[in-house]
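A.B. asks: Kindly produce the complete structure, drawing on both the sequences and the hints.
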Amino acid sequence: MTINESSTDRIVRGVAGAAALIGALVAGVSGTVVLAAVLGVLGVILAGTAAVGFCPIYRMLGISTCKVPAAKV
Numbered sequence: 001m002t003i004n005e006s007s008t009d010r011i012v013r014g015v016a017g018a019a020a021l022i023g024a025l026v027a028g029v030s031g032t033v034v035l036a037a038v039l040g041v042l043g044v045i046l047a048g049t050a051a052v053g054f055c056p057i058y059r060m061l062g063i064s065t066c067k068v069p070a071a072k073v
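Using the working numbering, you'd call the opening residue of the sequence shown number 1 and step up by one each time.
None of these hints come from the bench; they were simulated from the model. Glycine included, C-beta positions come from ideal geometry on N, C-alpha and C. Do not take every clue at face value.
Restraint ranges, calculated between C-beta atoms of paired labels, are given here [claimed, not checked]:
#1 Ile57 with Thr32: 24 to 32 angstroms
#2 Ala19 with Leu61: 22 to 30 angstroms
#3 Ile11 with Arg59: 29 to 37 angstroms
#4 Val29 with Lys67: 36 to 44 angstroms
#5 Ala16 with Gly62: 18 to 26 angstroms
#6 Ser7 with Leu61: 14 to 22 angstroms
C.D. replies: Shown next as structure tokens:
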């Protein structure tokens, strides 16, 4: 895997992932199970890609927001 996310991209994904996970918790408590599941999966994916700095969809599309040359991880 090569890093293909910039630090700004990773921060935005991390914040959005945390917000989605909090939303999933709130939706789960209020009884909206389907919404909680969708937000939970979305939150885990966003937080995971932010943590590792690699987005498989970016790779498939040939996109990289990382300004420095790609590093092997």
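A.B. asks: Compare the structure with each hint and give your call.
C.D. replies: Evaluation of the provided hints:
Against the hinted window of 24 to 32 angstroms, the Cβ-Cβ separation of Ile57 and Thr32 comes to about 27 angstroms, which satisfies the hint. The supplied range of 22 to 30 angstroms is met by Ala19 and Leu61, whose beta-carbon atoms lie about 24 angstroms from each other. With their beta carbons about 20 angstroms apart, Ile11 and Arg59 fall outside the hinted range of 29 to 37 angstroms. Take Val29 and Lys67: their Cβ atoms lie about 41 angstroms apart, and the range 36 to 44 angstroms holds.
Separation of Ala16 from Gly62 is about 23 angstroms and conforms to the stated range, judged on CB atoms against 18 to 26 angstroms. Between Ser7 and Leu61, the C-beta spacing of about 20 angstroms keeps the proposed range 14 to 22 angstroms intact.
Violation of the numbered hints given earlier is confined to hint 3; every other hint is satisfied by the structure.
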